[in-house]
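If you read the sequences in order, they're chains A and B.
Once you know that position 139 of the first sequence is 139 in the working numbering, the rest is easy, because the numbers rise by one and skip nothing.
For any residue, its number in the working numbering is found by taking its place in the second sequence, counting from 1, and adding 280.
Please keep in mind that the hints were generated in silico from the structure rather than gathered at the bench.
Hints are not guaranteed to be accurate.
Stated by the list, open to error - Computed spacing ranges between beta-carbons, pair by pair: (1) Lys62/A / Leu429/B: 19 to 27 Å; (2) Thr531/B / Val85/A: 55 to 63 Å; (3) Ala295/B / Lys62/A: 47 to 55 Å; (4) Val305/B / Lys269/A: 36 to 44 Å; (5) Thr342/B / Lys62/A: 44 to 52 Å; (6) Met500/B / Ser68/A: 46 to 54 Å; (7) Gly313/B / Leu77/A: 41 to 49 Å; (8) Thr342/B / Lys106/A: 51 to 59 Å; (9) Ala133/A / Leu438/B: 40 to 48 Å; (10) Thr139/A / Asn450/B: 36 to 44 Å.
Treat the numbers as computed from the prediction; the structure is a model and nothing was measured.
Cβ atoms here follow ideal geometry from the backbone N, Cα and C, with glycine treated the same way.
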Amino acid sequence: MALFARRAVAPLEYTRKTWMRLWVLGVMAFLYAPLLVLMAFSFNDSKRNVVWKGFTLKYYVKALANDSLVEALVNSLTIALLATVISVVLGALAGLMLWRFRFPLKGTVEGVMALPIIVPEICMGVAMLIFFAKVQWPTGLPWPLNLSAITIAHITFCFPFVAMVVRSRMASFNREQEEAAKDLGASEWQTFRDILLPHMRPSLVAGALLAFTLSLDDFVITFFTSGPDTVTFPIKVYSMVRFSVTPEVNAASTILIILTVALTAVALKLQGVKAFAEAH
Amino acid sequence: MALQDWRLHKRPFAAIAGAPILWLVLFFVVPMGIVWLYSFGQNVGPADIAITGTLDNYKRATEWLYLSIFFKSLAVAALVTLICLVVGFPVAMAITFASEKWRPWLLLGIMLPFWTNLLVRTYALMTVMGGNGYANRGLGALWNGASWLKTLVGLQPLEAWTPVQLLYNNFAVVVGLVYVHLPFMVLPLYSALDRLDRSLIEASLDLGAGHLRTLTRIVMPLAAPGIAAGVMITLIPALGAYLTPDLMGGTDSQMIANVIERQFKRANDWPFGAALSFLLIYAMFILVALQSLRSGRTAKEAR
């Protein structure tokens, strides 16, 4: 076992010191224990979260039979998907714009684009609430159009993140390739499609994953833009936690955790552990 | 190669810049502008707000009641940031100096909770910290162990264990915020430590400084930009936190975001809520300005 390796510990091998290992272990336990307990008790055959009474899947059956919960999950995934697609397009364009051009007020545009990232969520939620009330955004539209307000709000805080990722990726682009393509007669569009886009691709994947998780995760901004018939998964879980804690919430949460892990696994498969770690 | 001037490439510039700038103006600048205008308005009817240019909302927002909640939020956020820094720094060190094989997995271990839904994580922590949760049972076991040890040496045993209230107080809010924001701190710390020139640490150790002295005199000053970045990235969302104090806090642990939310839902006083929102945004601006002032000074010293 590596833990009991006989090789002497070199001065910089801090990770091989026992107290350091215990510290990291403690932090990991702090981060993961609650999630593991939650997942374990979603299979517990008891109304309360305390004593293990035996294995059951009935709360999953209940959660999946709960129409409003399933509807909320479908809403969340739909919003996340739409928001991701549009955020990636807008973010890629914004990243390209900042990387490629010099234009008046560029500093201001850069600053304003960073604002959705730093402005507190609560303030953006409030702004969206007032905005959609003021312009009298239509409510009660058929699905999925009724999700448009939430989707717009999500895109607004997702695409600056994508722009940031794309821009930092473009910094490593060799402009001579673009010039060579143009010298050889490629049009602006052909250069973009065949030269720039392939170079951008890893950042688009990373940006898409980031946007998808940010959108799926968001509670506060959605809380202010959602109406009674446009409930997303976090909003639904919130009201369930608030008013009646049932093991159904455990089951639904476990489904979402597994979804997150699966998404991360896809990202790992696409990019490799190392590149993935470096991209974030 | 230099940047291209937009005037020489008007059509590609319009094609690239049009959509993102339009989106940003329409769905960010305009909504924020409306909030700003509302903060100078007053309620004239149940659903009618007149923008009269009044400063009353700001005057009310700076009353002691609201100011004290604001300072309390700031204190809680600062405490959370400090705990995250103290807990996260050794973790970032461990990741930096881990073997090639382990490093990505440790990083993944820190990032996976960060990708997990915030509400799910808060709820998970609440089940563990509840009256009959595992945190309480662990403490109970420790208590009973101590009691048993006392009887072993012939002393009176401790009185029976009663579960402590871990949830719905300020303590729970701090623990919850640390739980949520720890990855925010570790990641920038790691990226700063990773860029560090290791020969400097080796030189310091070779020249006779101990590990602690090397840490405080060499590693920490060199990692200062990363520490500052981590502090900002933790402090700003912690200051504006809504969900954790709402779900895990008691009646006395509301933070500024909860007060803002109340103005828009229950109290239905939008102009006042708008003024509070903008005070929070101004506080962020001050923090960001302090940070860029600091990093600007460091850059100047480096030159």
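Hint check results:
{"no.": "1", "hint": "Lys62/A / Leu429/B: 19 to 27 Å", "result": "45 Å, violated"}
{"no.": "2", "hint": "Thr531/B / Val85/A: 55 to 63 Å", "result": "43 Å, violated"}
{"no.": "3", "hint": "Ala295/B / Lys62/A: 47 to 55 Å", "result": "51 Å, holds"}
{"no.": "4", "hint": "Val305/B / Lys269/A: 36 to 44 Å", "result": "39 Å, holds"}
{"no.": "5", "hint": "Thr342/B / Lys62/A: 44 to 52 Å", "result": "50 Å, holds"}
{"no.": "6", "hint": "Met500/B / Ser68/A: 46 to 54 Å", "result": "51 Å, holds"}
{"no.": "7", "hint": "Gly313/B / Leu77/A: 41 to 49 Å", "result": "32 Å, violated"}
{"no.": "8", "hint": "Thr342/B / Lys106/A: 51 to 59 Å", "result": "36 Å, violated"}
{"no.": "9", "hint": "Ala133/A / Leu438/B: 40 to 48 Å", "result": "58 Å, violated"}
{"no.": "10", "hint": "Thr139/A / Asn450/B: 36 to 44 Å", "result": "38 Å, holds"}
The structure is inconsistent with the numbered hints 1, 2, 7, 8, 9, although it conforms to all the rest.
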